[in-house]
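Novice: Given the structure of chain U, go ahead and fit chain G onto it with the hints provided.
Heads up: the protein sequence lines correspond to chains U and G, in order.
Residue numbering for the first sequence follows the working numbering, starting at 391 and increasing by one per position.
Residue numbering for the second sequence follows the working numbering, starting at 391 and increasing by one per position.
It is possible that part of the hints are untrue.
Derived DMTMM-like pairs: lysine to aspartate or glutamate, alpha-carbon spacing no greater than 25 Å straight-line [what the hints assert, rightly or not]: (1) Lys-485(G) <-> Glu-471(G); (2) Lys-485(G) <-> Glu-524(U); (3) Lys-434(U) <-> Glu-481(G); (4) Lys-485(U) <-> Glu-506(U); (5) Lys-434(U) <-> Asp-490(G); (6) Lys-485(U) <-> Glu-471(G); (7) Lys-434(G) <-> Asp-474(G); (8) Lys-485(G) <-> Glu-506(U); (9) Lys-485(U) <-> Glu-524(G); (10) Lys-485(G) <-> Glu-471(U); (11) Lys-434(U) <-> Glu-524(U); (12) Lys-485(U) <-> Asp-474(G).
Just so you know, these hints were derived from the structure itself, not from any lab.
Protein chains: 2
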Amino acid sequence: MRITRTADYGVRIMTRLAAAPLGTRMTVAELAADSQSTAAFTGKILQRLVGARLVVSHRGFEGGFELARPADQITLLDIVEALDGSLCLNECMPKGAGCDRASSCGAYGVWLRAQEALAGVLRSQSLDQLAVAEQQAG
Amino acid sequence: MRITRTADYGVRIMTRLAAAPLGTRMTVAELAADSQSTAAFTGKILQRLVGARLVVSHRGFEGGFELARPADQITLLDIVEALDGSLCLNECMPKGAGCDRASSCGAYGVWLRAQEALAGVLRSQSLDQLAVAEQQAG
Chain U
391 MRITRTADYG VRIMTRLAAA PLGTRMTVAE LAADSQSTAA FTGKILQRLV GARLVVSHRG
451 FEGGFELARP ADQITLLDIV EALDGSLCLN ECMPKGAGCD RASSCGAYGV WLRAQEALAG
511 VLRSQSLDQL AVAEQQAG
Chain G
391 MRITRTADYG VRIMTRLAAA PLGTRMTVAE LAADSQSTAA FTGKILQRLV GARLVVSHRG
451 FEGGFELARP ADQITLLDIV EALDGSLCLN ECMPKGAGCD RASSCGAYGV WLRAQEALAG
511 VLRSQSLDQL AVAEQQAG
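The shape of chain U in the complex, shown without the other chains (with noise of 0.2 Å):
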């Protein structure tokens, strides 16, 4: 019951990015030194971090990677399950495969109740506030 390696370092590359001041374009070399990992894995996290519109690719001379959108409009839980997909904490859960014991079994709405209560942690965390947290602890 863990977050993936590539969510961690996407929280660590999009709270770098919205540390830049408003309109700066960053290239994978500068991500991937800032977040303290490989240009390849940087690349491949901006890849679908791209796909889920979180991150905007700009091409050519001046090109690089920006925020789509403003980060107090960017919640921690956007971007986990941008990159893990949507909180699951058992198949059993809405969008999990499923389980015919559902209606019957104890502890569905116990699991239920504790992936709101992650789910609610996450999505109550603004990325704007993340890289504040970051600047001051840095």
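Specialist: What follows is chain G alone, placed relative to chain U:
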């Protein structure tokens, strides 16, 4: 970010043991049938629950498995952690591999709060409550 099949079925088995009258010993075959699993998989889970001291195994003619302590003294978190290991939402968490960025990371505190929210729900649910909920739902 999902519990394993082992933990899912482990909760089914523990709930079944909790629903039986005090002192009842159940066989692997009975527990496998009740949790809609195979005897081999059920046996493996039971071995791990015995190792975690949540279940006691008795040998012999009137042998079988029973809870190691009353169901109101076992939480859903106890069962999940016995089978999936300590909750660890990200490798930087206290029981994870660690991360040298933890002190300057904006997300660290949020991962910790999210993990605690999840753990809190699982810790607040005792096995006897689960067994009652299952009987009412079934």
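Novice: Do the alpha carbons of Lys-434(G) and Asp-474(G) lie within 25 Å of each other, as the hint requires?
Specialist: At roughly 13 Å apart (the allowed maximum being 25 Å), Asp-474(G) and Lys-434(G) satisfy the hint.
Novice: Quick one, are Lys-485(G) and Glu-506(U) close enough, alpha carbons at most 25 Å?
Specialist: Measuring from Cα to Cα gives roughly 23 Å; hence the hint holds.
Novice: For the pair supplied as a hint, Lys-485(G) and Glu-471(G), confirm whether the alpha-carbon distance does not exceed 25 Å.
Specialist: This hinted pair holds, its Cα atoms lying about 12 Å apart.
Novice: Are the Cα positions of Lys-434(U) and Glu-481(G) separated by 25 Å at most?
Specialist: holds, 21 Å
Novice: Hey, Lys-485(U) versus Glu-524(G), does the alpha-carbon distance stay inside 25 Å?
Specialist: holds, 22 Å
Novice: Within 25 Å, alpha carbon to alpha carbon, are Lys-434(U) and Glu-524(U)?
Specialist: Distance ~24 Å between Lys-434(U) and Glu-524(U) Cα, so the pair holds.
Novice: Between Lys-485(G) and Glu-524(U), is the straight-line Cα distance small enough, at 25 Å or below?
Specialist: holds, 22 Å
Novice: Hey, Lys-485(U) versus Asp-474(G), does the alpha-carbon distance stay inside 25 Å?
Specialist: holds, 22 Å
Novice: For the pair we were handed, Lys-485(G) and Glu-471(U), check the Cα-Cα distance against 25 Å.
Specialist: holds, 24 Å
Novice: Keeping to a limit of 25 Å between CA atoms, is the pair of Lys-485(U) and Glu-471(G) held or broken?
Specialist: Holds - the C-alpha atoms of Glu-471(G) and Lys-485(U) are around 24 Å apart, at most 25 Å.
Novice: Quick one, are Lys-485(U) and Glu-506(U) close enough, alpha carbons at most 25 Å?
Specialist: holds, 13 Å
Novice: Starting from Lys-434(U), check that the Cα of Asp-490(G) is at most 25 Å away, please.
Specialist: This hinted pair holds, its Cα atoms lying about 23 Å apart.
In terms of the numbered hints stated before, the structure departs from none.
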